[in-house]
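Chains as they are written, first to last, in this note's numbering: chain A, 38 to 196; chain B, 764 to 969.
These aren't lab readings, by the way, just hints derived from the structure by calculation.
These figures come from a predicted structure and were not determined experimentally.
Mixed in with the good hints, there may be bad ones.
[Unchecked claim] Quick list of in silico lysine-lysine cross-link-like pairs, DSS-like style, CA-CA up to 30 Å: (1) B:K885 / A:K144; (2) B:K778 / A:K111; (3) B:K885 / B:K961; (4) A:K111 / B:K769; (5) B:K961 / A:K111; (6) B:K885 / B:K813; (7) A:K148 / B:K769; (8) A:K155 / A:K114; (9) A:K155 / B:K769; (10) B:K809 / A:K144; (11) B:K783 / B:K901; (12) A:K114 / B:K778; (13) A:K114 / A:K144; (14) B:K813 / B:K769; (15) A:K145 / B:K769; (16) B:K885 / A:K151; (17) A:K114 / B:K914; (18) B:K769 / A:K114; (19) A:K144 / A:K111; (20) A:K155 / A:K111; (21) A:K144 / B:K813.
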Amino acid sequence: MEEKKMIETQNMGNCGCERGRMPYGQMRGGRSSFGNPAGARPQYTAPLQQRGRGYDVRQEVCMEHHAHKVDGRKLRKIIDQASFAMDDARLFLDTHPHCEEAFDYFKKMEKIRKEAIKEYEIHCGSILSYQADERHRGDWDWNTGPLPWENGCCNERRV
Amino acid sequence: MWAYEKRTQYPVNIKNNDAKTAMFIISQYGGPDGELSASMRYLSQKFSFKNPRVAGLLNDIGTEELAHLEIIGTIVHQLTCNLSPEEIKASGFDKYYVDHTLGVWPQAAGGIPFNACEFQVKGDPITDLVENMAAEQKARSTYDNILRLVKDPDVADPIRFLRAREVVHFQRFGEGLRMVQDDLDFRNFYAFNPSIDKCHDQCTVK
C-alpha cells in the first residue's frame, strides 16, 4: 500500500464570519463592560501548523492481510492528527456556526480520518467502540493489545 | 453520552522514569487548576445553560478535558511505572507511594485531594463563563510553571500541546460569553439570568 499523504497544513486566514467581522459590542449597538478576550478578528489557524516534535510510538503489531503489510504507526499518526484537526475545528464551529471555510476543513479531515480508520481496523485491530470486524468473532479484541497509555519505558512490562 | 476511541488525543512516549517530575505534574491531574477540575466544571455547568450553542460548547470542551486528563495520567504513569524502591526513597515520591504504590490518584502536587471545592457551578451563564475563562488561564499558568521545571523533551512535548489547548479554550469561552450577552439586554446584561428568571410576554430571550 502506498504511503498515505500526510495531512496538509492549511491556514484559513480570516474566515469572514459575521462574528469575526463585527467588533465586539457593536452587534446590538450597545456598550459592554467586558473586554474582548477573543480578539477583534478570530482567525482559524489549522492546528497542524503548530506541529511539535516527531511522533514516536511503539511499533504497532499489524497482521498481514491480503498479502500486504500496513504501517500501523503511520496510520495511527494520520488518525490522531486528523481527529485532532476535527476536535479543534468542532470547537471553532461551535462559536462560528456560519463559517463555511471551517466546515470545509472539518469535512476534509473527516474524509482522511475515515479512510485511515477503515485501513487501521482491517489490519491492526479495533479502535472504535460501536463497530466490530467479523474476524473478531470468537476472538474479541477490544480489550486486548497495547493499551493506549502504555508507551515509552513501560513497554517491557507489557505481557 | 460518551463513547471513546482506543487512542490518546496526543501521543505520549516517555522513555525515562522521573518521580520528582511526576509529583508536580500530578497537579494537572487532580489539582485545583487541573484537567479533572476543568472537565467536571464544564460538564456540570452545561445543565443550567439555556443557550444550546453554548451548552454544546461546554460539553465539547469538557469532553476534551477528559481526554487531557487521560494524557496527564499517562504522563504520570510513564514517569513512575518502573521505579525501584531505592529511586522511590531518594526522590521524595515515598509519601505518595506508601498510599498509592505506582497508581495514579487525583491529588494536587501539595497533597490536597481532588474535591469539588476547587470549582464552581454558579448557575448564571455570565458568571460561569467568566469562571471558565479564569480556569483556562490558571491551567495555562500551571503549564508554564511545569515547563520551567521540566527538562525531558518527551515530557515537555505533550505539556506544550496541552498548554496551547488551554489558550484555545479561553478564546472559545470568550466567544461563548459574547454569544450569551448577545441574547441579553445590552443596557444591562445582569438584569436577567436566563437560567432561572422568567420572561414576560413580549421578550424574546431564549
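How the hints compare with the structure:
| no. | hint | result |
| --- | --- | --- |
| 1 | B:K885 / A:K144 | violated, 36 Å |
| 2 | B:K778 / A:K111 | holds, 20 Å |
| 3 | B:K885 / B:K961 | holds, 18 Å |
| 4 | A:K111 / B:K769 | holds, 16 Å |
| 5 | B:K961 / A:K111 | violated, 55 Å |
| 6 | B:K885 / B:K813 | holds, 14 Å |
| 7 | A:K148 / B:K769 | holds, 19 Å |
| 8 | A:K155 / A:K114 | holds, 14 Å |
| 9 | A:K155 / B:K769 | holds, 14 Å |
| 10 | B:K809 / A:K144 | holds, 27 Å |
| 11 | B:K783 / B:K901 | holds, 22 Å |
| 12 | A:K114 / B:K778 | holds, 19 Å |
| 13 | A:K114 / A:K144 | holds, 18 Å |
| 14 | B:K813 / B:K769 | violated, 33 Å |
| 15 | A:K145 / B:K769 | holds, 22 Å |
| 16 | B:K885 / A:K151 | violated, 40 Å |
| 17 | A:K114 / B:K914 | holds, 25 Å |
| 18 | B:K769 / A:K114 | holds, 13 Å |
| 19 | A:K144 / A:K111 | holds, 21 Å |
| 20 | A:K155 / A:K111 | holds, 14 Å |
| 21 | A:K144 / B:K813 | holds, 29 Å |
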